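4 protein chains.
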Amino acid sequence: MERRGLKVVTIGGGSSYTPELIEGFIKRYDTFPIKELWLVDIEEGKEKLNTVGGLAKRMVEKAKIPMDIHLSLDRKAALKDADFVTTQFRVGQLSARAIDEEIPLKYGVIGQETNGPGGMFKALRTIPVMLTIVKEMEVLCPNAWLINFTNPAGMVVEAVFRHTNWKRIIGVCNVPIGMERAVAKALEVEEERVRIDFGGLNHMVFGLAIYLDGEDITLKAINRIVSSKSEINMRNINNIAFEADFIRALKMLPCPYHRYYYKQKEMLESELVDYKEKGIRAKVVQTLEKDLFDLYKNKNIDEKPKQLEQRGGAYYSDVACNLMESIFNDRGDIQTVNTLNNGTIASLSRESVIEASCVITKEGPRPIAIGDLPVVVRGLVQQIKSFERMTIEAAVTGDYHTALLAMTINPLVPSDTIAKQILDDMLTAHKLFLPQFK
Amino acid sequence: MERRGLKVVTIGGGSSYTPELIEGFIKRYDTFPIKELWLVDIEEGKEKLNTVGGLAKRMVEKAKIPMDIHLSLDRKAALKDADFVTTQFRVGQLSARAIDEEIPLKYGVIGQETNGPGGMFKALRTIPVMLTIVKEMEVLCPNAWLINFTNPAGMVVEAVFRHTNWKRIIGVCNVPIGMERAVAKALEVEEERVRIDFGGLNHMVFGLAIYLDGEDITLKAINRIVSSKSEINMRNINNIAFEADFIRALKMLPCPYHRYYYKQKEMLESELVDYKEKGIRAKVVQTLEKDLFDLYKNKNIDEKPKQLEQRGGAYYSDVACNLMESIFNDRGDIQTVNTLNNGTIASLSRESVIEASCVITKEGPRPIAIGDLPVVVRGLVQQIKSFERMTIEAAVTGDYHTALLAMTINPLVPSDTIAKQILDDMLTAHKLFLPQFK
Amino acid sequence: MERRGLKVVTIGGGSSYTPELIEGFIKRYDTFPIKELWLVDIEEGKEKLNTVGGLAKRMVEKAKIPMDIHLSLDRKAALKDADFVTTQFRVGQLSARAIDEEIPLKYGVIGQETNGPGGMFKALRTIPVMLTIVKEMEVLCPNAWLINFTNPAGMVVEAVFRHTNWKRIIGVCNVPIGMERAVAKALEVEEERVRIDFGGLNHMVFGLAIYLDGEDITLKAINRIVSSKSEINMRNINNIAFEADFIRALKMLPCPYHRYYYKQKEMLESELVDYKEKGIRAKVVQTLEKDLFDLYKNKNIDEKPKQLEQRGGAYYSDVACNLMESIFNDRGDIQTVNTLNNGTIASLSRESVIEASCVITKEGPRPIAIGDLPVVVRGLVQQIKSFERMTIEAAVTGDYHTALLAMTINPLVPSDTIAKQILDDMLTAHKLFLPQFK
Amino acid sequence: MERRGLKVVTIGGGSSYTPELIEGFIKRYDTFPIKELWLVDIEEGKEKLNTVGGLAKRMVEKAKIPMDIHLSLDRKAALKDADFVTTQFRVGQLSARAIDEEIPLKYGVIGQETNGPGGMFKALRTIPVMLTIVKEMEVLCPNAWLINFTNPAGMVVEAVFRHTNWKRIIGVCNVPIGMERAVAKALEVEEERVRIDFGGLNHMVFGLAIYLDGEDITLKAINRIVSSKSEINMRNINNIAFEADFIRALKMLPCPYHRYYYKQKEMLESELVDYKEKGIRAKVVQTLEKDLFDLYKNKNIDEKPKQLEQRGGAYYSDVACNLMESIFNDRGDIQTVNTLNNGTIASLSRESVIEASCVITKEGPRPIAIGDLPVVVRGLVQQIKSFERMTIEAAVTGDYHTALLAMTINPLVPSDTIAKQILDDMLTAHKLFLPQFK
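Protein chains in written order, with UniProt numbering: chain A, 1 to 438; chain B, 1 to 438; chain C, 1 to 438; chain D, 1 to 438.
Chain A extracted, bound-state conformation:
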């Protein structure tokens, strides 16, 4: 693919995260020499695109590398002959996310933007758009790799596997790398000495085994983390600690999002308090974003502003850039991504998408055999997978009953009656972005 120079396309290029990505590309230019980088957005995002695009150009110029940055509202023109396409768009923008969080909370339910009712609606809005993009790629760049950042990353990727013939899609998430680095910090060792075997689903992934310099230190590490009350956490999730005895009994590392299930009561209470005090997080983010764009507009700024790190997407750039770089260079290293199960986790169907440690080569990611998840977590994982399957089906068919099933079986939703109320309210509120529901 390198002959004519690498072409990378970023859909949702006007996102506030883009400078992260640009920084990552610049850092890796030697081994991943992008010739053309296309930042694509829709009409409504034009202004942001221009703002972010301006900063991107200044960053590249400062780095003195020959990478051409194109800003475009014409997705098809951008996709033509692309080598890598990254997706980080947000259907309905942050105001849709506000609805995703607010309506459930009104009914005393956590919205949760990936595996909860909020995530469900994000999937319903996103999946049809993603399927359209894939259809365009089949024609315009059939050999490209599609690296999906858009959440809920697992469901979006599974929808593409189940409803198109496209195989070259990978979902990425910064949770696993974040856990690895937090463990290194808790153990007070260099990041590169720690490796974790991951298995599960997006935002429902477990650190199954922890290695230091290649040796399995899982139990020791868990004891250390639990005793030191180290912060194994993401900036955007309330840092409520798990019971030490519970984690010791589990003998695995839950991810920060597991708090929504294993500490559901405390998380809900905390969200309700926060909501009363500060409003929903989406609104906080909106303010943050506004500030960021004000910075981006500043012509004197020609590097990624420090403030971006508070936005919650730490390591996203590293995760995505490392992945593309490894594919491009056929590295054969191990990274944790969302891909087809294919027997890796026995109790999930072969056609499901999982998040797991994979070997990355030019042919993409292939998961390392896990066998099965420990019995103790198999139920929760299967329940989220059932919810994901129903959500994907509802996104594609626009069937009300299927959507009601998805909402009711979500472990955050405490009854079919409340499920129906939230569903009905959200279908109305998001009507504009859900043409498939008639």
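It is worth saying that the hints were derived from the structure and are not from the lab.
You can take every hint at face value.
Just some of the chain A residues that point at chain D, by a computed CB distance under 10 Å:
(1) G332
(2) C358
(3) I370
Note that the structure is a prediction, hence the values are computed from the model and not measured.
Positions of the beta carbon are idealized from the N, C-alpha and C atoms, including for glycine.
Position chains B, C and D relative to chain A; hints supplied.
Just chains B, C and D, lined up with the frame of chain A:
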């Protein structure tokens, strides 16, 4: 086995349910001619045993059949050369059940005597006793069939499969037959014209397909039931209706116990109200029982008193007697029992115990292939199975951490912290009956 | 379906076996009251159809039952509103079968009309015709049951499951019932006291457990059969005895066709001798058939001639009629048929067709859980299934390479070179009946 | 483990292959610095041990590295605190192999020293010894890795997994690396540019996908290999070419040993001719060995003699040394070894041992997800696995019936009668080395 005359042993013979069973045996004497019926109990249950045994003898006498009734506190003597052993004992009596319900409620959690925290502790108390009984049977009556009524029936049976070499055990439950009869009533047809394919776990079983005169009328029946607001319910569960749209979307029939999951919020609220108003159900049952035993003592009564039917065990006698009669006569008919999965439900391990429609022959029950449960319910079922597996392991090992895992992953328990509190309180309260926990 | 009177259609009605079927229908008229029986054939079979049809009418008349027999060359007219359709046609007649046997033998390979190279070509000729029939049924009689006698019965049924949406098809075979009756004879007990659990594939089925009066006597029975050298065999397979120690070690009952694998050398030698002495069996059968049709023409004959029994299809009529009768009356009894695996045998894919003991109700057959076949036979069964899968795919696509794979992996074929030679010769010889191969 | 210096133990150290291994260790001294190398053998092998040991010492001396070579007949002393143990012993020496080949040939059956009747007896002799070694290691060096060269490598490793609690065992074979290098040669590119995904069983492994510089060129490569009649072969197997159309149809690369199944007739004929002309291969090897040992004795020789390469074990040293080096250094690279299936190949049981591409870290090998083998080969692979399972069970139990099952189901054995004859003859001939058979 029939040569020397059938010998049946009922462990927990002093139960208030026993007259049900006696009535069932009397009705089937022609095809299931019991020569010796041994009612066995422990020292603490002696008085009840004598009371119930007296009534049993009067019933048999009235029926003019040559069935010898033996009352005994010597379990080993009773088991010797038995053909069928039924177990309906209750470790810790009704007062233990009161604790099972009360402590969780104190923490705002439903106790639920089979699949909830209450059921977990019932399993912890019961499983070691059952394993002891099976060990005795291996020596005293190796060819007998063990028909287990004791709840949680699924876990008790799985414990025997996983921790002994005994294969001739079957768990019975009156939920499936109750659903079949309720459907017949809703459809206004004779009971024998309705047949349902069942699959799932004990108290977590689904009616996967409904037949009228052999024809699949599932969707029609569900619509009828939902529209008519027919009472598909058990007397001992709050009759809170599912959302009609939810059941239509499900395209299966949930069992009454599914309310604890699909209507968790409403069930909890209702239990809390009831608790305040009437105290816990175990106490109501205690009163009911006292009244029943007063009746049983009446020498003029020589048949099953009508009042027994309010006790909640409707059809239990039919279920158990039909099962034994079919085994004895190699009927080859279809009954719904708890037995080894063996591939019947693909997403559950082969060694798990499931509740499913089985063909019953002299060799016991064998399930009819289901393939897999519909995706929509696979998660919840797997979650209960994970909980059951952890509970069984905790019951056998007495390991605190394993018990904590079981309690935390139970879908009725909203956080690891609350799980730990309930667990600690219940371990203390039930200490006497949990010698395996040190 | 009974309202307007039962309509049964037999495709390939001009077969010499038809009087068997007629006799079966007459015997069961009370519980399976056929009003219209349509015998259908193609133009080339017109004379045979009229001959057999004449006998059929005399048989019905003699029995004094009001069953109308229609003879027709118009398949669509016949299928209209049918309740049951049975298929017993033979594409290419007996002369095609002669080729199926002769070409492989020329290369020192057993032809074997079901699971060998011969059976492969029978499948290639038959499957496209069967798929056409099913397409007609989808329009003309969507609620009918299709009972397939045509060999290779397993592959034909799997082709319908894999390449149409039709679910109401069942493959029947007389091997299991023949084994059951032979075991009864060997044990010197009445047939109805013996029951066998069957599992495997068509003509590759094992008697997994043998019951006498419902009690498992497998090992005892095997010892008895092996010691007494009882003839567990079909009339149309050379009766070469298995090694007694091998069957004892197996602890299961192989079917007569297993000789082709476990006694391959002896079977091949015997076929080669027979071939030199008597010519191929297809020719013997042709003579037999001619004699039968001469008998059928005799107007004085009004019942099934005894000579038909030498034809090899013993019990076929019983098998098919019992099956239809059980479906019609929702019997719930156990019969051994070819149907979807659906998890019954774990190491075969869920979508495969197996031959297994099934419960038969108005909704058709459902297999009883087996778990998995014993390891010792899992390989051979999987190998035949791989061969079947390749054959079905070749039959549908007409792809030469796929056909070569099927032929090469067949366990009777000793090398890829010989496979290619047999394949090429047979494709030429059968050209007329294989329009899908260009 | 490196603190006190690496200790490696080679059991069967007197083998003629040992100089290969020594050369490998010398080449890798920088990254795999062995401090002590123990060559261990039994009393009967003392002379050979001393001869080979002498050469080994001269080689190390010449290389000027501080590696101590110990020669010992005391296995326990050698195993104490070992870091790596390699096994390359041969129970019964080459004369046993001669019997393994000769007796089957007498009955017109290929002996085949790994997956055939010969390999079966090699397993029966080897497995009990290996289980003893593992029991010693559990005590003497519980953290060591056991790298098994001894054939049949797959069965030996599976026996250890099934019949001990030892997990740190890996089976190695030179077939996969040989195929990779042969493909590189056929494509006329450097070896390191070619990578193959392997899956299957030992000596029954398939090249599932072929990559050049990371790009999948499977079909292109197969066409090239087939057209150019490149020699994808091992020196010790008759080079009889597969049918070009068959390999094209297969769309995978069979291994050289597949000739025994896909070209069984030709291989048998060729072996019979060879046998008449040259006697059995074991005898040829005996002569070769004698010549090698004569060379080894020559004090002037201080490097691996070129003649060793004709011995058939090309790359064995590379395979084993690369594996140990990768474990020691936690490389995370991909190598093809024999290890637990664990869901990698869905149609084989999770507890089976497979040969597959694995990621190698300090924690050992973990296979990369395959999903399942293509249907077309699933049968043959399962059949060899069934044979392996029966053989392992027979090796451990010494049960005659189980051994008869293993022999009869082997695809090289054409009937149960011949199986019994070969089995009986071989049990007698090998009596001395089969104490478990009484």
